[in-house]
Amino acid sequence: MTVKIYVPKDAAAVACGADRVAAKLGEAIKARNLDVVIVRNGSRGMHWLEPLVEVETASGRIAYGPVKVSDVDSLIGAGLAEGGAHALSLGLTEDIPFLKNQTRLTFARCGVIDPLSLADYKAHGGLKGLERAVAMTPIDVVKEVTDSGLRGRGGAGFPTGIKWKTVLDAVDDRKYIVCNADEGDSGTFADRMIMEGDPFVLIEGMAIAGIATGATKGFIYIRSEYPHAIETMSRAVELARAAGILGVSVLGSANAFDMEVRVGAGAYVCGEETALLNSLEGKRGVVRAKPPLPAHKGLFGKPTVINNVISLASVPVIMEKGAAFYRDFGMGRSRGTIPLQIAGNVKHGGLYETAFGLTLGQIIDDIAGGTATGRPVKAVQVGGPLGAYFPRALFDTPFDYEAFAAKDGLIGHAGITVFDESADMLKQARFAMEFCAVESCGKCTPCRIGSTRGVETADKIARGIEPEKNKALLTDLCNTMKFGSLCALGGFTPYPVMSAMTHFPEDFSPAPMVEAAE
Amino acid sequence: MTINVAAGDLTRRTQAIVDRLIGLEGPLLPILHEVQDEFGFVPQEALPVIAEALNLSRAEVHGVMTFYHDYRNHPTGRHVLKLCRAEACQSMGGDALAERVKKALGIDFHQTTLDGSVTLEPVFCLGLCSCAPAAMLDGAIHGRLDHETVDALVQEARQ
Chain A
1 MTVKIYVPKD
11 AAAVACGADR
21 VAAKLGEAIK
31 ARNLDVVIVR
41 NGSRGMHWLE
51 PLVEVETASG
61 RIAYGPVKVS
71 DVDSLIGAGL
81 AEGGAHALSL
91 GLTEDIPFLK
101 NQTRLTFARC
111 GVIDPLSLAD
121 YKAHGGLKGL
131 ERAVAMTPID
141 VVKEVTDSGL
151 RGRGGAGFPT
161 GIKWKTVLDA
171 VDDRKYIVCN
181 ADEGDSGTFA
191 DRMIMEGDPF
201 VLIEGMAIAG
211 IATGATKGFI
221 YIRSEYPHAI
231 ETMSRAVELA
241 RAAGILGVSV
251 LGSANAFDME
261 VRVGAGAYVC
271 GEETALLNSL
281 EGKRGVVRAK
291 PPLPAHKGLF
301 GKPTVINNVI
311 SLASVPVIME
321 KGAAFYRDFG
331 MGRSRGTIPL
341 QIAGNVKHGG
351 LYETAFGLTL
361 GQIIDDIAGG
371 TATGRPVKAV
381 QVGGPLGAYF
391 PRALFDTPFD
401 YEAFAAKDGL
411 IGHAGITVFD
421 ESADMLKQAR
431 FAMEFCAVES
441 CGKCTPCRIG
451 STRGVETADK
461 IARGIEPEKN
471 KALLTDLCNT
481 MKFGSLCALG
491 GFTPYPVMSA
501 MTHFPEDFSP
511 APMVEAAE
Chain B
1001 MTINVAAGDL
1011 TRRTQAIVDR
1021 LIGLEGPLLP
1031 ILHEVQDEFG
1041 FVPQEALPVI
1051 AEALNLSRAE
1061 VHGVMTFYHD
1071 YRNHPTGRHV
1081 LKLCRAEACQ
1091 SMGGDALAER
1101 VKKALGIDFH
1111 QTTLDGSVTL
1121 EPVFCLGLCS
1131 CAPAAMLDGA
1141 IHGRLDHETV
1151 DALVQEARQ
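These protein sequence lines are chains A and B, in that order. Residue numbers for the first sequence follow the numbering used here, so the first one is 1 and each next one is one higher. Residue numbers for the second sequence follow the numbering used here, so the first one is 1001 and each next one is one higher.
Don't take each hint at face value.
Unchecked claim - Partner residues are not named here, just some residues of chain A that face chain B (Cβ under 8 Å, in silico):
{"hint": "1", "residue": "Ala156"}
{"hint": "2", "residue": "Gly187"}
{"hint": "3", "residue": "Gly266"}
{"hint": "4", "residue": "Ser279"}
{"hint": "5", "residue": "Lys347"}
For the record, the hints were derived by calculation from the structure and aren't laboratory data. In this text, a Cβ means the ideal position worked out from N, Cα and C, and glycines have one as well.
All chains, please: the whole structure from these sequences, using the hints.
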């Protein structure tokens, strides 16, 4: 029987040499005339082990990693095709603690299947949610999503079902489903991973959203920095259309739904939903004032559901297993699971899907294993460039929308970036302002001007020019930006700045210039 | 890379792209992407062709083109090296790596080496935050960079 060897095609694996490993494996297999086929799967999310090569055996998939090109010959020699012993062997993939302790609902298939094989997708439970949805009334589909407690995974945490209900109730000749795949936050890669590792789940989620709201057209807006995701997603849409999942009759039902992949052009602010809609329309990615909500007047002025990739990709499992199944995970008002993205200076970086409620300390110390450099953790930025920096003193904060808000932070898209003690928090605060200045769309003054003034003020503090006065000024500026900006870019940039100033005051009091010694 | 394009040829090639994509809903960004793919940048002379077809003013097309970081109004070097400047890469020494690359190439961000071999650009996140620091050379991605591997990238780019 042909043996399957898996070498991920996920961008993180490719960046660590997976393409070269796959090519070398292919040569070695050919040279030895082995009955082996190489499958390019998504990533299992254990990025410190990438490229993670797996082989299918009678007892399950056995993992090897991180595999370098120079390891391939010795792996083949050790009997890779039979799961033979080797120094790089990690045993059964499913038994690796990092993976075993997860609750994979949204990412259940990611890294397991061939991303572009619909047969593989169906064999692992794919399309069951959509099959159920086409047999239901739209209002019942919306109710199921509402009851699941799913909240927008892009960062705002708005209940997905309520957004869908608004669009369902809106009356118009056309409605749209827009998937926000403009994942620009540093420290986040969940959207990229699901698009590269299980693209059909996103297509299925969007088709369900279309059926639930009466929308017939969808757009996936993917950032241009993700060429691999764009390629996989575009191909998956073609395959889904050819298989009758998309088109005038979704799965043979009376519902029509089709979609297009669109590519961004390097503007961070287009991750903001109204800027994204303008960008899709072919305009400058400038933020729109709300109201009107996109659910009433969205893309081309039509009622539009705009959801994050992970929100939409979580819908199929909710429809397949029911609202109660999903709702039973989590804590408080944060229901279900969240794919944590552990990044930066960590020993065990990658994607970890789990129910809400783990504390930040459990995530950093137990799951991520501390820093890669081995030095103490100084700060953790949760939620991307607009998220707060938390010190170790706040490591007891549970991962939950409300708990983070109560500590003046946000979970955002659940990206967690770890810094060791070498981090200079004044520099990080300055960077937050600089980033806002570079990426501001320019529509509102607090963001456009405030960010530039913020950089200048941080520079003055760094040079020791009237530090107390300038710290007060920076605080005042943050307040203006927080309450006066139109969208989250200007409104949330104060989070990293203020948290750095509050929790790491020592970095904002540079040592006074030393007089000539002796 | 096509740098010197005859005006008539440029108009014809731009028009062909416009004709192919004009049926899309919101065609301007897809058109600008393809024009940049075709010429390596978005030539000023292409803007009136696009504006005319989409019933926009030339100023509107210019406004859209200049809003987005991706669209360039001038050609790049033979290779484009993008270094990630975002937080996750900073936490793994991305700043020091950037300084090293700038010094090796003798240029700052947004500049091209005198021999026309490399353009250096910053990028804010390639989604490789668990394999930081990361870079992209002509569309190929590289993670877990250190002095040795980044020097090799610079070497590759200079050729």
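Hint check:
no.: 1; hint: Ala156; in the structure: violated (20 Å)
no.: 2; hint: Gly187; in the structure: holds (5 Å)
no.: 3; hint: Gly266; in the structure: holds (4 Å)
no.: 4; hint: Ser279; in the structure: holds (7 Å)
no.: 5; hint: Lys347; in the structure: violated (11 Å)
When each numbered hint is compared with the structure, violations occur for hints 1 and 5.
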